[in-house]
Amino acid sequence: TQLLEQSPQFLSIQEGENLTVYCNSSSVFSSLQWYRQEPGEGPVLLVTVVTGGEVKKLKRLTFQFGDARKDSSLHITAAQPGDTGLYLCAGATSGTYKYIFGTGTRLKVLA
Amino acid sequence: ETGVTQSPTHLIKTRGQQVTLRCSSQSGHNTVSWYQQALGQGPQFIFQYYREEENGRGNFPPRFSGLQFPNYSSELNVNALELDDSALYLCASSPRTGGIGELFFGEGSRLTVL
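Heads up: the protein sequence lines correspond to chains A and B, in order.
Counting in the working numbering, the first sequence runs from 1 upward without gaps.
Counting in the working numbering, the second sequence runs from 1 upward without gaps.
What follows is a list of derived Cβ distance ranges for each label pair:
#	chain 1	residue 1	chain 2	residue 2	range
1	B	Q17	A	A68	45 to 51 Å
2	B	A38	A	S30	25 to 31 Å
3	B	H10	A	A78	34 to 40 Å
4	B	T112	A	S12	25 to 31 Å
5	A	E17	B	N79	44 to 50 Å
6	B	D84	A	A111	35 to 41 Å
Calculated directly from the structure, the hints in this document are not laboratory data.
Backbone N, C-alpha and C define an ideal beta-carbon position, used for all residues, glycine too.
For reference, chain B alone in the conformation it holds in the complex (with noise of 0.2 Å):
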């Protein structure tokens, strides 16, 4: 069974600029949430995806944006990259049986903005 996995796993961009994250599921999760982890901070939910749309968001703006695939697999896009947006950003697959879910993270992709 293939896990949660994550690319880059590391990246520097400057200011203004705009960056993507790519996210592959575990196999049989249809659900993908993304969560914002500052250095020292306990993980910022983002927003999730279901089915291919977004079924909930979290306190960021509009520059964060995402997509799901049919596969099920998950891109996080940040526009307009600020000093702030630098951070640990995890992707989490979960599967959608009604229940109670447990998230299975990724090992997460570091952001750097100069």
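So that you can see chain A by itself, here it is in the shape it has in the complex (with noise of 0.2 Å):
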């Protein structure tokens, strides 16, 4: 069973502050994909990674995927209320749309 682990589970921090959230498997995915979710609403894209290794930024944030293809990560520069929400990673393997997603990191970003 494909199994991804975020940590942590909780996060609360103050307006300006960084952060970093983890996501881990045992499995190697295809592409793994970073999604916010705002109370009341499902989750929205952020980002998708596919090559081991890769970098992506996207403003303040910035993802990375593991060599193996196996864990990425998510950093937060200068941490803002705005960013406050359920973070979840979703990873697929190859020729599928079958994601599987993390446990969750719930973000409060205080002003």
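Both chains come to you apart, so use the hints to assemble them.
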């Protein structure tokens, strides 16, 4: 059974601080995605990474895919209250759209 | 461009009842996936439909069933509801282009089973 574990589960930080969220698995994925979900809404895609070692930046967010394509990290620089939400990683194996979602990291950024 | 819409947004049922949840996929998307998200958890894959056929299934019992229609909209049916079925049910559509797909989620249907 493929599992994606995220850490930490909960994170409460002050505005302006930096943070890193981790997504780990024993399985190899052909692609890995990060989503953010706000209360009462469905997840919204932030980024897709497909190549081992790949680094993508989206404004203050930096995403990295591990060399072995088993793990990923999301780093937020100078967090803002608008970054508050549930961050989910999701992995897919080759040729399918069957995503395995991680356990989620609930982030709260205090003003 | 119309996004993914789900109905109803909220509903309350009692144990043993049956429920049907509906999803209209985003324009141009022919693949629909259903996920169950329990409170405080990540979404769990239920099944996926492509061209009106089930294309894959997660670890859910047969009382979870679905349909996809020619216009690519979809239904999720759950029979003999149990208390643990209380969750947010998410529908996601994606374009079947053969490449890496982005899931476009609806806002979900929150089911409470009493």
